[in-house]
Amino acid sequence: MDHSYRNSDWYEGLSDDARQIVDLDVSPLRIISGPGTGKTYILMCKIARLLRTGVAPDRIFTCTFTRTAAKDLQNELLRFNIENADKVYAGTLHSFCFYILSNESVLQITGRTPRPLLDFEKRFLIEDLNAVSFGGIRDRESRLNAFEAAWARLQTDEPGWANDPVDQAFQNELSNWLRFHRAMIIGEIVPETLKFLRNNPVLANDYSFDYVLVDEYQDLNRAEQELVNIIATQASFTIAGDKNQSIYCTFKYAHPEGIDNFCLTYPQTHDESLLECRRCPSIVVDMANSLISNNPGQNGNRLRPRPNNQNSEVQVVQWISMDEEASGIAQFIADRINNRDITPGQVLILTPRRRIGYAIRDSLNNLGCQAHSFFQEEALEGNPKNLDRSNAQKAFTLLKLLANPEDRVALRCWCGFNDNSLCRVPWSRLKEHCESNGQSPNTALNQIMSGTIQNSRMDELVSRYNDLQNRLKELSNINGQSLIDAIFPVNEDWAEPFRSIASKIPLDELNSSSLYESLRVAIIQPELPTDVDYIRVMSLHKSKGLSAELVVVAGCIEGLIPSIDEGLRELERARTIQEQRRLFYVAITRTTRILMLSSVTRIPRREAHPMRIRIQGGNRYYANTISSRFISELGPNCPRAIIGSSILRSSR
615 MDHSYRNSDW YEGLSDDARQ IVDLDVSPLR IISGPGTGKT YILMCKIARL
665 LRTGVAPDRI FTCTFTRTAA KDLQNELLRF NIENADKVYA GTLHSFCFYI
715 LSNESVLQIT GRTPRPLLDF EKRFLIEDLN AVSFGGIRDR ESRLNAFEAA
765 WARLQTDEPG WANDPVDQAF QNELSNWLRF HRAMIIGEIV PETLKFLRNN
815 PVLANDYSFD YVLVDEYQDL NRAEQELVNI IATQASFTIA GDKNQSIYCT
865 FKYAHPEGID NFCLTYPQTH DESLLECRRC PSIVVDMANS LISNNPGQNG
915 NRLRPRPNNQ NSEVQVVQWI SMDEEASGIA QFIADRINNR DITPGQVLIL
965 TPRRRIGYAI RDSLNNLGCQ AHSFFQEEAL EGNPKNLDRS NAQKAFTLLK
1015 LLANPEDRVA LRCWCGFNDN SLCRVPWSRL KEHCESNGQS PNTALNQIMS
1065 GTIQNSRMDE LVSRYNDLQN RLKELSNING QSLIDAIFPV NEDWAEPFRS
1115 IASKIPLDEL NSSSLYESLR VAIIQPELPT DVDYIRVMSL HKSKGLSAEL
1165 VVVAGCIEGL IPSIDEGLRE LERARTIQEQ RRLFYVAITR TTRILMLSSV
1215 TRIPRREAHP MRIRIQGGNR YYANTISSRF ISELGPNCPR AIIGSSILRS
1265 SR
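Residue 1266 is where the sequence shown ends in my numbering, and the numbering goes up by one at each step.
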């Protein structure tokens, strides 16, 4: 083997443990790696070694969990100045699946339309499914999640088939709804690809590789794991991950046990561990170990601090109110920036809710510290049954219908807003009529509205459809800034995220189609900038893969961290707490020097419900809160909590 790569700068900078992993040419290889241990960089170096030793770049498949991670990996490989590094496949599993389905015309052949269903639009789908057969909203949501995981609810389940008769009936009704509305669920992409590859082994050979490397393996569900197994059938197979950083169980049936059980599928697995945290101060490593030890099945794989990571500052603070928290945190950061102790680009603020993040962001900007928030995933949250809490959803739906009046999902949503049942019954009548007569919903509603068809049982839909036509007519000739202002009015809090995204689009290119697509991509597939000169404010989930000198975790109160649905069964409740403990573990291990954990003692009652906080005590205007249980799990090295105002005095 050519070992000339060992003279490269990127190789010489590796630790002995990292060099051993890069040099290994065994399969399958499992790398257990904690936060801040350099896992992703080492995988990249392993790819660089393969390229330098003559492996064809198009024979290497690298699976990342996010598009941002894939882009960063590709950019880093290019910096190594290795020829043809840009031809290595690096991307998410979903993007690879969509490539396969498109390349083989699978969707076209099977009559599916690749129109992705947004999260708020799923609420209308769930409402329309048979409540008598499939239970309440929670039961139907659970079945939908299981469907997206190819019915593999447990690590031991074989993905691909619905064996339970109720699940089979659910899938049939779900498929009927999606076909009629000409849409797909994003999570369908993996099960559809899995089915295609299993049933077409000759064609599946076209998508095999010689080397398959999977990052963040613990975040894959069983269907995704099985799909990777098929891709890696004839390949040298490497996975890397850490079950303590698995934070997507609730959303997609990811299993933190999956990385532990890898050796059951591959008995010849060779193991390597990366447990020295090169990022965090020693005290933070100790706190993280204490925290995660409260989850079962740790197996003694404790994170180790790097010996020289001693420079640190940890503050646990509490404020009286959310307003005081926002202004206090902003002042603390501003003082550090003004004293040149830190730069804005090295500040990361994590919060469990957009409302808290916006308040801190605005306070920072008022103090002259440039801050940007990244809560696009929350921009379309709300209750479609309540008009005051669905303004963003309705405006976004209107924009979609302006761009494409024939979009059936958007029309379904428009016809259901602000109704306690989302107009489920009249819409089902319309759907039945269209299926019987071969008409589109628009055609049928136009005929009812003109009197060509008499059907008084759909009067409510006709009224809403008539309102839609009037709105579309008003907006038909508007473009540029006028279009933004008409759909997302200035000075409306709910419109702010959309206006912020739209401000980055050249006005001469802005019409209904370009505006919708830009907003959709930014909300559904956001890319987080890593090299910035401003303060970043985002959710705890978004922080994975990032690091900063100063990290603030705000909103550390019971009801938010952790946030637990009171309707959960005991086992589900325990799993939810374990997952949110892992999320807090991920959040606190983003810091390289300074960590602040912040809580408040009360919140306005009007804010509690939108933030999904269960109100406990207080008075007419405020609800009482206490700090998160996770703070008490940080161990003896965690500093005692102090009043927020005292930290401002001490920082000056």
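Check the hints yourself; a few may be wrong.
SDA-like, lysine to any residue: derived pairs with alpha carbons at most 20 Å apart [said to hold, decoys possible]:
no.: 1; residue 1: Lys736; residue 2: Lys1118
no.: 2; residue 1: Lys1118; residue 2: Ala1100
no.: 3; residue 1: Lys809; residue 2: Lys736
no.: 4; residue 1: Lys999; residue 2: Asn1034
Honestly, the hints are just simulated from the structure, not real lab data.
Right, here's what the structure says about each hint:
1. Lys736 x Lys1118: Not OK: Lys736 and Lys1118 at ~28 Å, beyond 20 Å, violated.
2. Lys1118 x Ala1100: 18 Å, holds
3. Lys809 x Lys736: 23 Å, violated
4. Lys999 x Asn1034: 5 Å, holds
Hints 1, 3 from the list above are not met by this structure, while the remaining hints are.
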